[in-house]
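Trainee: What follows is each chain in one-letter form.
There are 2 protein chains.
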Amino acid sequence: MAAPLTDRETAEVARTTAALLRAVNASDLGGVMAVWSDAGVLMPPDHASVHGRMEIERYFDRLFRQRRLTFAFTSSEIHVAGDTAFERVTYAASARPIEGGPAARDIGKGLHVYRREPTGAWRLVADIWNSDEPGSRRA
Amino acid sequence: MAAPLTDRETAEVARTTAALLRAVNASDLGGVMAVWSDAGVLMPPDHASVHGRMEIERYFDRLFRQRRLTFAFTSSEIHVAGDTAFERVTYAASARPIEGGPAARDIGKGLHVYRREPTGAWRLVADIWNSDEPGSRRA
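Line by line, the protein sequences give chains A and B.
Counting from 1, position 120 in the first sequence corresponds to residue 120 in my numbering; the numbering is continuous, with no gaps.
Counting from 1, position 18 in the second sequence corresponds to residue 18 in my numbering; the numbering is continuous, with no gaps.
Accuracy of the hints is not assured; some may be wrong.
To list a few chain B residues with every Cβ distance to chain A over 10 Å, as calculated [as the list claims (entries may be wrong)]:
hint	residue
1	L20
2	W36
3	T70
4	A72
5	K109
What follows is a set of in silico ranges between Cβ atoms, one per label pair, in the way DEER data are often shown [to be verified]:
hint	chain 1	residue 1	chain 2	residue 2	range
6	B	D38	A	R8	24 to 30 Å
7	A	R53	B	P118	37 to 43 Å
8	B	R22	A	G82	44 to 50 Å
9	B	E117	A	E77	15 to 21 Å
10	A	Q66	B	P97	35 to 41 Å
11	B	P97	A	P102	46 to 52 Å
12	A	D7	B	S75	43 to 49 Å
Read the hints as simulated data drawn from the structure, not as lab findings.
By construction, the Cβ of each residue, glycine as well, lies at the ideal position given by its N, Cα and C atoms.
Starting from the given sequences, assemble the full structure and let the hints guide the process.
Mentor: What follows is the structure in structure tokens.
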């Protein structure tokens, strides 16, 4: 018997998040942008929202030139509703300056919103997160 | 002709957010909790996630004893997908200590996730936000 539709969709969303994570941890700009929707909105802490493919690509390009990131999602809960999916995550991260020096470490939580495109692919339309730690050095 | 279903649902979600805003700005704990789902997760910056009705009520009770909040949503974009809705907002906020002293001011952005309950009411299941301002005093 085939898996129920929502199970299959949940697994697709989970694979999309895994691809995003691999790309971020490899400083793979093309891989990150393959997951983002053209009209996505990145919502980083302590930074204005970043709107659309061109601005998001510029943001990650600059970030990857400055820091080597190592993100792990320590929990994930996915809910699929029609053409939209939400994932609530918790994360542990470190950011090591490319020019050397100690890594900044952080733990926190976030929300991913995905939209299913006409091709059937899930694409990220919103990503927001924040730290659990008051006064932490942010990753 | 009746309004399309999604327009009606979008308006219902907008009214729910307006009720949340009024309650927060009035330090009205009952009003805030009327909007939250029993199984909601509040995700404040610089603080661990707050899970479920009892913990969320305790969080807001403590907050309202400490600070008088004035929140305004400076933009809102609502997407309804079946039993779920998400709203991307930008905000301007101030927090004035109950014991006196200057208000902390903040601008930032957030995501609300709502679920429609069997009663038809939209209830908040996740709320996350963060500041736009590096090193700002947070509201």
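Trainee: All the hints need checking, so say for each whether the structure fits it.
Mentor: Taking the hints in turn, this is what the structure says about them:
1. L20: holds, 17 Å
2. W36: Its Cβ never comes within 10 Å of chain A, the nearest being 15 Å, so this holds.
3. T70: Nearest chain A Cβ is 21 Å from T70/B, so the label holds.
4. A72: holds, 17 Å
5. K109: Violated, since 5 Å does not exceed 10 Å.
6. D38/B x R8/A: 24 to 30 Å: Given about 29 Å between the Cβ atoms, the range holds.
7. R53/A x P118/B: 37 to 43 Å: At roughly 39 Å between Cβ atoms, P118/B and R53/A fall inside 37 to 43 Å, so the hint holds.
8. R22/B x G82/A: 44 to 50 Å: Given about 30 Å between the Cβ atoms, the range is violated.
9. E117/B x E77/A: 15 to 21 Å: holds, 18 Å
10. Q66/A x P97/B: 35 to 41 Å: holds, 36 Å
11. P97/B x P102/A: 46 to 52 Å: violated, 35 Å
12. D7/A x S75/B: 43 to 49 Å: violated, 36 Å
Hint compliance for this structure: hints 5, 8, 11 and 12 are not met, and every other hint is.
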